[in-house]
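First to last, the sequence lines map onto chains V and Z. Going by our numbering, the first residue of the first sequence is number 1, and it counts up by one from there. Going by our numbering, the first residue of the second sequence is number 1001, and it counts up by one from there.
Bear in mind the hints are in silico, worked out from the structure with no lab data behind them. Treat the hints loosely; a few may be bogus.
In silico DSSO-like cross-links for lysine-lysine, where the CA-CA straight-line distance does not exceed 27 Å [to be verified]:
(1) 95/V x 1118/Z
(2) 1118/Z x 114/V
(3) 65/V x 114/V
Partial selection, computed: residues in chain Z whose CB lies under 7 Å from chain V [to be verified]:
(4) 1020
(5) 1023
(6) 1025
(7) 1026
(8) 1035
(9) 1058
(10) 1061
(11) 1102
(12) 1105
(13) 1106
(14) 1125
(15) 1126
(16) 1128
(17) 1132
None of the values given here were measured: they were computed from a predicted structure. Each residue gets a CB set at the ideal place from its N, CA and C atoms; glycine is no exception.
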Amino acid sequence: MKLGSKILLGLFFCFLPFVSTLRAEAPVAIKVTAISASNNGSDFDLENDAFRDQLIQLFSYKSYKQLKQFSVRLEGTKSETLTIPGGYELNLSLKAHEESKIRLHAVIQKDGKKFLETEVSIFGAGPVFLGGPPVDSGNLILAVETLG
Amino acid sequence: MNERQDEEIKNVFRQYLAAEIRHPEVAKAKERFIQERFGREPLIIFRPIFFVPVLSALFVFLILFPMHKPALKPAAEYSLKESAGQAVVKEVPVKLQGIEINVERVSSEVGPTMVYQKDWHDQPLTVVWVFTGGVNQ
Chain V
1 MKLGSKILLG
11 LFFCFLPFVS
21 TLRAEAPVAI
31 KVTAISASNN
41 GSDFDLENDA
51 FRDQLIQLFS
61 YKSYKQLKQF
71 SVRLEGTKSE
81 TLTIPGGYEL
91 NLSLKAHEES
101 KIRLHAVIQK
111 DGKKFLETEV
121 SIFGAGPVFL
131 GGPPVDSGNL
141 ILAVETLG
Chain Z
1001 MNERQDEEIK
1011 NVFRQYLAAE
1021 IRHPEVAKAK
1031 ERFIQERFGR
1041 EPLIIFRPIF
1051 FVPVLSALFV
1061 FLILFPMHKP
1071 ALKPAAEYSL
1081 KESAGQAVVK
1091 EVPVKLQGIE
1101 INVERVSSEV
1111 GPTMVYQKDW
1121 HDQPLTVVWV
1131 FTGGVNQ
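Using the sequences and the accompanying hints, generate a full structural model.
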């Protein structure tokens, strides 16, 4: 093997570990759907029909109303803050990202109080429903999904 | 009467009786008699020859493909519907092929929290909840 080829091969193996690092820093698209769940009325006002069956499986509310939908791209350690109806803020950041698995840090806060803080590992698309804080005359539910 | 004539007469009788038995009128008369005497024969779907194999096949099918797939959740798992009044911090990871959601950490400054997972249609549904109205919310 020639010296040049050896050097190239050596460089390849030197940089191989960094390839996974570069992939780890690829942005992750997250979709957040803010829903107000209550027992007032019996309306299902949701854009995503899949949520309807999932919510029925999980909760006993009679009415679900979509308040807002967000799409964010998380990259590296940079966090994103979304303004949620009801005066809440959702702070999202990535703690880890390896191929199709992410570790997501999420905080729902209002007036300086942390209503809910969690760290979730998601392998796949989700969804994860974060909720409980009061909104309108019901409770806030945030459906968090990763987009391929 | 010699032996040959005797054989011929036997053949004539044999042929006559065979023709008589095969005659459509005789078959109809027999059928009428059976119906009057024993009643109409049940349809094939009500006969054991039909429904026994069908029921056996259905039984085997239900064993192989149960209508309700058992959920992959531990017995101690909570449901939001059932335990909305309880202060529970619980992690119940559901592991399915290709999909996995684990809640690593939960906390709140305003009330008790709960984590709930349910395997539904081979998809883990995960809820991270805070009871802002206290344990009686």
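Point to revise | Interface hint status, residue 1020/Z versus chain V (Cβ within 7 Å) | key: For residue 1020/Z, the interface hint is violated, since the closest Cβ of chain V sits about 71 Å away, which is over 7 Å.
Practice item. Grab the minimum C-beta distance from residue 1106/Z to chain V and call the hint holds if it beats 7 Å, violated otherwise. Key: Holds: closest Cβ of chain V sits about 5 Å from residue 1106/Z, inside 7 Å.
Check your understanding: Hint check: is the beta carbon of residue 1102/Z less than 7 Å from a beta carbon of chain V?
Key -> Hint holds; residue 1102/Z Cβ to chain V Cβ min 4 Å, cut 7 Å.
Review point. Holds or violated: residue 1023/Z as interface residue toward chain V, Cβ cutoff 7 Å?
Key: Hint on residue 1023/Z: violated, closest Cβ of chain V at ~67 Å, above 7 Å.
Review point. How about residue 1125/Z: closest beta carbon in chain V under 7 Å, or not?
Key: Result: holds, 5 Å to nearest chain V Cβ.
Exercise for review: Verify the interface restraint on residue 1105/Z: the C-beta must sit less than 7 Å from at least one C-beta of chain V.
Suggested key: Holds, because the Cβ-Cβ distance from residue 1105/Z to chain V comes to roughly 4 Å (cut-off 7 Å).
**Study point:** Restraint satisfaction for residue 1128/Z [CB to CB of chain V, less than 7 Å]
**Key:** 5 Å, holds
Practice item. Closer than 7 Å between Cβ atoms is the bar; does residue 1025/Z clear it against chain V? Give me holds or violated. Key: 66 Å, violated
Check your understanding: Holds or violated: is the Cβ of residue 1126/Z closer than 7 Å to a Cβ in chain V?
Key -> Cβ of residue 1126/Z sits 5 Å from chain V, so the hint holds.
Exercise for review: Assess, step by step, whether the Cα of residue 95/V is no farther than 27 Å from the Cα of residue 1118/Z, and give holds or violated.
Suggested key: Given pair residue 95/V, residue 1118/Z holds - Cα atoms ~25 Å apart, limit 27 Å.
Review point. Has the given pair, residue 1118/Z with residue 114/V, been kept, meaning a C-alpha gap of at most 27 Å?
Key: 26 Å, holds
**Study point:** Residue hint residue 1026/Z, partner chain V, criterion CB-CB below 7 Å
**Key:** 66 Å, violated
Consistency with the previously given hints fails for numbers 4, 5, 6, 7, 8, 9, 10, ordered from lowest to highest.
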